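With the hints as constraints, model all of the structure from the sequences given.
Take a look at the letters that make up each chain.
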Amino acid sequence: MKLRQIAEALGLENLTTELPMEEAGNVDSAHASDLLSDVLANAPAGGVLITIQVHMNVVAVAVHAGLAAVVFASGMRPPADVRARAAAEKISLFATRESTFDTAGKLYALGLRGKTKG
Amino acid sequence: MITLSFRIAGGDFDSAGLAARKLKEQLSKLGVDASVLRRAMIAAYEAEMNVVIHARTGTLWARVDETKLDLEVADEGPGIPDVALALQEGWSTASEQARQMGFGAGLGLPNIRRSSDHFQIETRVGRGTRIRSTILFGTGSPSAAQAPVSAIPLMVDADRCRGCRRCIFACPVGAIRARDRRPVLREHLCIGCTACIEECPDSAFDIPRAPLPVVPADALLLAPRGLLAALFGIRPPEQVLSALRELGFTEVRLLEEWEESLLAEARREAAARELPLPRIPPLCPPITAVIESRFPSLIPNLCVFHSPAEAACEEFPLRPVFLVAACPGQYGECSRSSLTERLTVVSPAALKAAIRPLLDVQPAVRLPLGVAVPHRASPQPGELAASGARSVLRVLSRAETGALGRAALLELRFCAGGCSASPLLGSQPELTDMWQTVAVTAGVTPQVPAGVAARAMPFAQRPGLRLDAAMGEAIRKLSRIDGETRSLPGRDCGSCGAPSCAAFAEDVVMGRAARADCPFTENHR
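Protein chains in written order, with our numbering: chain B, 956 to 1073; chain C, 113 to 637.
Treat the hints as calculated values from the structure; they're not laboratory data.
Because the structure is a prediction, the values reported are computed rather than measured.
Don't take each hint at face value.
As the list claims (entries may be wrong) - Here are the simulated lysine to any residue pairs, SDA-like style, with alpha carbons at most 25 Å apart:
(1) LYS1070/B x ASP1057/B
(2) LYS134/C x ARG1038/B
(3) LYS1070/B x ARG225/C
(4) LYS134/C x ALA1039/B
To be verified - Okay, the calculated beta carbon distance ranges per label pair:
(5) ASP145/C x MET1031/B: 34 to 40 Å
(6) GLU386/C x MET956/B: 56 to 62 Å
(7) ILE1007/B x GLY238/C: 33 to 39 Å
(8) ASP1036/B x GLN212/C: 53 to 59 Å
(9) LEU430/C x ASP983/B: 44 to 50 Å
(10) GLN573/C x ASP1036/B: 53 to 59 Å
(11) ALA146/C x ARG959/B: 24 to 30 Å
(12) ALA1043/B x ARG321/C: 20 to 26 Å
Cβ coordinates follow ideal geometry from the N, Cα and C atoms, glycine included.
Below, the structure written as structure tokens:
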């Protein structure tokens, strides 16, 4: 599934409009976590991260984990410098008023899956 | 091979992750495989975050060659009081600020360990922490990786050797063979002592003698017992200390300080009676090596601490340190695997060569350099001190069979008389104490006191002696060795190049020697 389709289906607000969403490949995996060590170790490459952490280190972790996009849940919004860095690193950022739980449920319904450990 | 280094500022959450990101750029250029890159980034980022969260300042080093990536992150910080606890998932001491940012989940160190093929952590409370992580390319399977086996840095100069064969008998563990009348080292058996160096009349054995490199500013010299006495043998003490200062050393510390700290720790363990007695502090690297290879049943008796030299090297994580090694074991132990160029291990000969020209010129200004004299605690009841190969091996055999009765602590040193008797120093061990009390500046109090360093990795049996990985096959080989030994004359003459008929029989069975090498058999060639 393409990022644009996901954004439209969930009504996500695009925070990095300067990035063409088509550039990211097919997205079929996601991870929900606010613990950055967990994201780094367990988030599937090429996937989407749902989090309520909005500081610069989220972008750093997303880069290292090779994520395609980050969705900030529960109405959380990152400052401008975080958005600029994400754009420079070619990571799409989205915001939603819905909770992490609801966002994850909707992504699951669209066919996205998490990584099973072990 | 390429080495990169990046500074990390503690508490700076805004630029946190920068070192890992720069490293990633470089690794990507080298075409490192994606799965390896991911593991490398987990290890590097987590180690960097640990510095940001917990420490004042730190450095990340990375070294890449064709087969592996070595990472090392050292910091000046609080250290970790309990490494085992810190390696448990979910355990964290991070600040509330760090936790609110999504750090401090207690996953950092476990993540690094899981991403590494080889992982090592050294830490000193109040001082700092050093993490080493190796990631192998290619295999992809972390479990397939083995901890690197270190070779003993004992050099044999065949051109000097005149073929007397004294060394094959002098070696206390039978690690030397004569081949074509020249000594050949069986590295897997060598324990890094000085017996062959001492015995050889032709000085064919030595540790690496690279000349002393340029001494950087604020460098520290770590000296084994007897080194100063050996140097003072050249010139008066004030002149020698002044020359050391002129070479660039601003501080000289005696390893005896760390020996005393380790002994004190071993005494505490002995008094607590919770661990197997007698306690054996790892004072001397060859002693530790001989226990790991020949007396594995005594491994639980070893105090799980780094040797005094290792502890001293780790005491100054961000300062240039020069260690003068008294034996191959100490040289190998301290020069092993550090990526930082902060630690330089040198031979006593190299230091002597560097200092000699300075002794001949009268310096315009004498710069003061004091050396602290360690206070030696008096031995407690139940302590047994032994030195010299024969004596030490006898004590260890008795300890193994429980024949030492109520001994609480063994203070063992392989060189007879301790490090000051090492032939590499070329000193007169009998004079060491006199020189140190007469010459060394009393009343100097070092800024950083000598401590102890707990080992994160326990001591383990060395596989060197094992005849075969499979026990059944090893048993068959043992019985063949037994048969061979009985068919040999039993003169232990050394003509075959092995120190004894039993050692020769083992070489024959293991395919390392030909039966015809024995001159007392019918088909001698």
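Checked hints:
1. Distance restraint check for LYS1070/B and ASP1057/B: the Cα-Cα separation of roughly 18 Å lies within the 25 Å cut-off, and the hinted pair is therefore satisfied.
2. As the CA atoms of LYS134/C and ARG1038/B are separated by approximately 20 Å, the hinted pair is consistent with the 25 Å bound.
3. With a CA separation close to 20 Å, the supplied pair LYS1070/B and ARG225/C stays within the 25 Å bound.
4. Between the alpha carbons of LYS134/C and ALA1039/B the distance comes to roughly 18 Å, so the proposed pair stays at or under 25 Å and holds.
5. Against the hinted window of 34 to 40 Å, the Cβ-Cβ separation of ASP145/C and MET1031/B comes to about 35 Å, which satisfies the hint.
6. Distance hint check for GLU386/C and MET956/B: the Cβ-Cβ separation is about 60 Å, which falls inside the suggested range of 56 to 62 Å.
7. Our hint of 33 to 39 Å for ILE1007/B and GLY238/C holds, since their Cβ atoms are close to 36 Å apart.
8. The supplied range of 53 to 59 Å is broken by ASP1036/B and GLN212/C, whose beta-carbon atoms lie about 19 Å from each other.
9. Separated by about 46 Å at the C-beta atoms, LEU430/C and ASP983/B satisfy the suggested range of 44 to 50 Å.
10. Judged by the Cβ atoms, the range 53 to 59 Å given for GLN573/C and ASP1036/B holds: they are separated by roughly 55 Å.
11. At about 26 Å, the beta-carbon gap between ALA146/C and ARG959/B stays in the expected band of 24 to 30 Å.
12. Separation of ALA1043/B from ARG321/C is about 52 Å and departs from the stated range, judged on CB atoms against 20 to 26 Å.
Going through the hint list in order, the structure does not satisfy hints 8, 12.
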